[in-house]
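Each chain, letter by letter, is given below.
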Amino acid sequence: MNNILMQLDSYFYPVILASIIAGASTGLLGVFIIGMRMPFIGTCISHASMAGFIYGGLLAFNNPVLWPITTSLGCVLASVISAVSLATIREDKTRLDKNVGLAIIFCLMLGITFLGIGFNQGSRTDMLNLLWGNILFVDRARAITIAVMAVVLILFVTLFNKEMKILLFSRSIAAATGVHESFVYCLFLILCGVVLAVNLPLIGGLMIFSLITCPAAAAYQVCTGYIPVIITSSFFGMLSALAGFLFSYFLNLPTGACIVIVSVAIFALTTIYKNIADRHD
Amino acid sequence: MIAGNLHLSNIRVVRAGRVILNIENLQIRSGDFTGIIGTNGAGKTTLLRLCCGLIKPNTGSIKLDGTDFTKLSAWSKSNLRKHIGYIPQQAEYNPDLPFTLREVVAMGRTSIKPLLQRLDNDDFEIVDDWINKLGLADNRNQTFRSLSGGEQQKALIARAMAQNPGILMLDEPCSNLDFKWKYQITEIIDKLHIMTKITILMVSHETNLLPTGCKRAVLLHKGNLVTDGDMDKVLTSNQFEQAYGCQFETISLGGRKYTINKAIK
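Sequence lines, in order, name chains P and U. Going by my numbering, the first sequence opens with residue 1, and the numbers climb by one from there. Going by my numbering, the second sequence opens with residue 282, and the numbers climb by one from there.
Check the hints yourself; a few may be wrong.
Unchecked claim - Computed cross-link-like contacts, BS3-like style, restricted to lysine-lysine with a CA-CA straight-line distance of at most 30 Å:
id, chain 1, residue 1, chain 2, residue 2
1, P, K98, U, K394
2, P, K98, U, K503
3, U, K363, P, K98
4, U, K414, U, K503
5, U, K394, U, K414
6, U, K496, P, K98
7, U, K358, P, K98
8, P, K98, U, K337
Claimed, not checked - Over the 12 Å line for every Cβ pair with chain P, so calculated as not near, a few chain U residues:
id, residue
9, N306
10, T340
11, D410
12, E432
13, K461
14, H502
15, M512
16, E522
17, N542
Unchecked claim - Restraint ranges, calculated between C-beta atoms of paired labels, are given here:
id, chain 1, residue 1, chain 2, residue 2, range
18, U, D419, P, R279, 53 to 63 Å
19, U, N339, P, C186, 22 to 32 Å
20, P, V100, U, V295, 18 to 28 Å
These are calculated hints, taken from the structure and not from any lab test. All values derive from a computational prediction rather than experimental measurement. Beta carbons: idealized from backbone N, C-alpha and C, even for Gly.
Just chain P, same shape as in the assembly (with noise of 0.2 Å):
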């Protein structure tokens, strides 16, 4: 491994490093989104922020200073918006299943994003890099602010660790007993807008689907228990995007399309040992 790290151009180390942070908070993201049965949602949130983005860059159109900020903030904000808005889908009073109303916000945010590209008049290789994620956007700010969400999302699922544990379970059951399951679902929602904004110009709005579902969906094959799940749907996470970025750097392949192939290896392969051991049982 150190040889393998030796080879590489210092100038990788803030990219690889923020890769695999971005590899274990989408894989712990992915715990829940997939244990709610809700998939879909990153995409929906990713396309959000692609909207913020783009609505943000033509705020500061030709403002080489602001437009950094105002793409950064309109990134952020479109996710919290997007994530509010599915907080207020209740399945039991709007009698919407949850993936029609993530559908529908997804549909709409495509609308507003290519109207927005539509408006742009200047060069869409920006826009378009966050759609696939491009590693060249990753500089020492922004792995910071990915290492910084991380820490957050960790804190958030330490201190809320049993809510969120029952909420996976049964949203009925933790509304009829007693448990703030409406606060705790809305916190969720918007700190997972946030940490995919951040996230989003590395990984990119396709990318990210790929790096929700199959580290928790392999976690969920093999591990017995709330927190080995977690552990290892984290480590699947970073071993996707670590291996992914490693094959396209030294194979001179594409690194988006690497790391989603990793993680449906990951998965394929977890799958395939759990039909083994249960045959063996």
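We have chain P; now place chain U onto it with these hints.
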């Protein structure tokens, strides 16, 4: 812990222009074991969710120990619900997650502890005590998803009881279970009532699955409370046959009456 007195008055729940529940007056006294019966779509689950304060009625009040759910903020409602043990139908929880049985039972302590506070050894003593009482000690570290339907139901009862509730609400706890488990779960609920004397509300469309300790029945039909009173009297009433749309014969067994559809007989 609360006493578990429940009083519903002038309740009307209207959804999409249709009255789905209409109850003038329903009083459940502390320690009562009441069965909510009726055919599918009669409004039994709606009534149970209403009693938890999960559904807001268009008119009327729902008082738990004198506190009206309809007048509380969302936060205060949650605080009052800490005293309610709730066992939903299977569609309302996710049995596929790899939680251990002990983790699921420990969820019963979640609302007892304030936000940001972790469960401590005292909580886990209560959790383990209920696991033992329900005969699940050998399955403690097994995943919930690997348990049989009956064992899962026992775990959910242990979870509800670990909460130390003042009132226990069960929504069709015997549905999807085989014959043996249906009667085992019924017996467990009966024993729980004898042991703890807490108020129990149990929804069941199969009247024969109500435990012997359940002395009172509330019959719902098309959202209306048709009759309410002594179980044996309700089961032999005309309203019961009308609600279920068939003729019944009742037989006495072990100190209580069971209904048999005459057509089946």
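Exercise. Would the pair K363 (chain U) and K98 (chain P) pass a check requiring their Cα atoms to be no farther apart than 30 Å?
Worked result: 26 Å, holds
Exercise. Are the Cα atoms of K496 (chain U) and K98 (chain P) separated by 30 Å or less?
Worked result: 40 Å, violated
Exercise. Is N542 (chain U) truly not at the interface, in the sense that its beta carbon sits beyond 12 Å from all beta carbons of chain P?
Worked result: It holds; N542 (chain U) is separated from chain P by about 32 Å at its closest Cβ, greater than 12 Å.
Exercise. Would the pair K98 (chain P) and K503 (chain U) pass a check requiring their Cα atoms to be no farther apart than 30 Å?
Worked result: Given pair K98 (chain P), K503 (chain U) holds - Cα atoms ~29 Å apart, limit 30 Å.
For this session: Run the C-beta distances from H502 (chain U) to all of chain P and say if the shortest one exceeds 12 Å.
Result: 23 Å, holds
Problem set entry | Restraint check for K414 (chain U) with K503 (chain U), where alpha carbons must lie at most 30 Å apart | 39 Å, violated
For this session: Measuring Cβ to Cβ, find out whether M512 (chain U) lies farther than 12 Å from everything in chain P.
Result: About 25 Å separates M512 (chain U) from the closest Cβ of chain P, which puts it past 12 Å; holds.
Exercise. Closest CB-CB distance from E432 (chain U) to chain P, is it above 12 Å?
Worked result: Non-interface label stands for E432 (chain U): nearest chain P Cβ at 16 Å, farther than 12 Å.
Problem set entry | Cβ distance range 53 to 63 Å for D419 (chain U) and R279 (chain P), holds or violated | 24 Å, violated
Exercise. Do the beta carbons of V100 (chain P) and V295 (chain U) sit within 18 to 28 Å of each other?
Worked result: 24 Å, holds
Exercise. Against chain P, does E522 (chain U) keep a CB gap of more than 12 Å to every residue?
Worked result: Since the minimum Cβ distance to chain P is about 33 Å, E522 (chain U) lies beyond 12 Å and the statement holds.
For this session: Would you assess whether K461 (chain U), listed as outside the interface, keeps its beta-carbon beyond 12 Å of every beta-carbon in chain P?
Result: Non-interface label on K461 (chain U) holds, nearest chain P Cβ at 25 Å vs cutoff 12 Å.
Going through the hint list in order, the structure does not satisfy hints 4, 6 and 18.
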